[in-house]
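Enquirer: Sequence:
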Amino acid sequence: MVRTPSCDKSGTRKGTWTPEEDRKLIAYVTRYGSWNWRQLPRFAGLARCGKSCRLRWMNYLRPNVKRGNFTQQEDECIIRMHKKLGNKWSAIAAELPGRTDNEIKDHWHTTLKKWSQQNAITDEEARTSKSIDKVPNKGVTVTLTANSSLMSDNS
106 MVRTPSCDKS
116 GTRKGTWTPE
126 EDRKLIAYVT
136 RYGSWNWRQL
146 PRFAGLARCG
156 KSCRLRWMNY
166 LRPNVKRGNF
176 TQQEDECIIR
186 MHKKLGNKWS
196 AIAAELPGRT
206 DNEIKDHWHT
216 TLKKWSQQNA
226 ITDEEARTSK
236 SIDKVPNKGV
246 TVTLTANSSL
256 MSDNS
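Mapping to the numbering used here: the sequence shown position 37 is 142, numbers consecutive.
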């Protein structure tokens with residue numbers, strides 16, 4: 106059994122999104138919701154594949170997507186959560202409202218991974234710091250400890 110491709114290659118636009126395409130996608134999702142990403146481009150009048158529309162909406166156009174640099178508290182949270190959960194970017198993103206899993210993954214690999222390796226948090230510190238507590242039916246709750254800091258003492 107062969108799976109059909111998510112995008113029909115003929116007539117599908119690639120590359121940078123135009124402001125007009127952004128407006129069409131925002132207007133459509135705002136009015137009708139995101140009920141079926143594979144069908145959405147056809148109904149919204151976009152020459153894009155559904156996956157491209159979904160990624161554009163989720164990572165850039167959603168109203169609650171947070172922009173700009175990560176705060177020190179967000180960095181600390183990502184480091185602690187990564188120590189506990191590993192590369193489960195969606196689970197980590199659930200604890201940072203407005204940040205996308207892809208944005209957190211990219212920030213980890215470009216900035217925090219190197220810092221984390223140089224200033225390793227031991228397993229004992231992770232266990233005793235109460236940095237992550239499981240709450241039934243609530244996911245993961247993060248509480249930063251007083252000794253949490255991304256700044257080294259000799260900086």
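If you are wondering where the hints come from, they were derived from the structure by calculation, not from laboratory data.
Warning: the hint list may mix true and false statements.
[To be verified] In silico lysine to aspartate or glutamate, EDC-like type, Cα no more than 20 Å apart, as pairs:
hint : residue 1 : residue 2
1    : Lys218    : Glu179
2    : Lys129    : Asp180
3    : Lys189    : Glu200
4    : Lys188    : Asp206
5    : Lys193    : Asp180
6    : Lys156    : Glu181
7    : Lys156    : Glu179
8    : Lys188    : Asp127
9    : Lys156    : Glu126
10   : Lys189    : Asp211
11   : Lys188    : Glu126
12   : Lys156    : Glu200
13   : Lys189    : Asp206
Enquirer: Each hint should be assessed against the structure and marked as holding or not.
Expert: Here's how the hints hold up against the structure:
| no. | hint | result |
| --- | --- | --- |
| 1 | Lys218 with Glu179 | 14 Å, holds |
| 2 | Lys129 with Asp180 | 34 Å, violated |
| 3 | Lys189 with Glu200 | 13 Å, holds |
| 4 | Lys188 with Asp206 | 16 Å, holds |
| 5 | Lys193 with Asp180 | 16 Å, holds |
| 6 | Lys156 with Glu181 | 32 Å, violated |
| 7 | Lys156 with Glu179 | 28 Å, violated |
| 8 | Lys188 with Asp127 | 37 Å, violated |
| 9 | Lys156 with Glu126 | 15 Å, holds |
| 10 | Lys189 with Asp211 | 18 Å, holds |
| 11 | Lys188 with Glu126 | 39 Å, violated |
| 12 | Lys156 with Glu200 | 25 Å, violated |
| 13 | Lys189 with Asp206 | 16 Å, holds |
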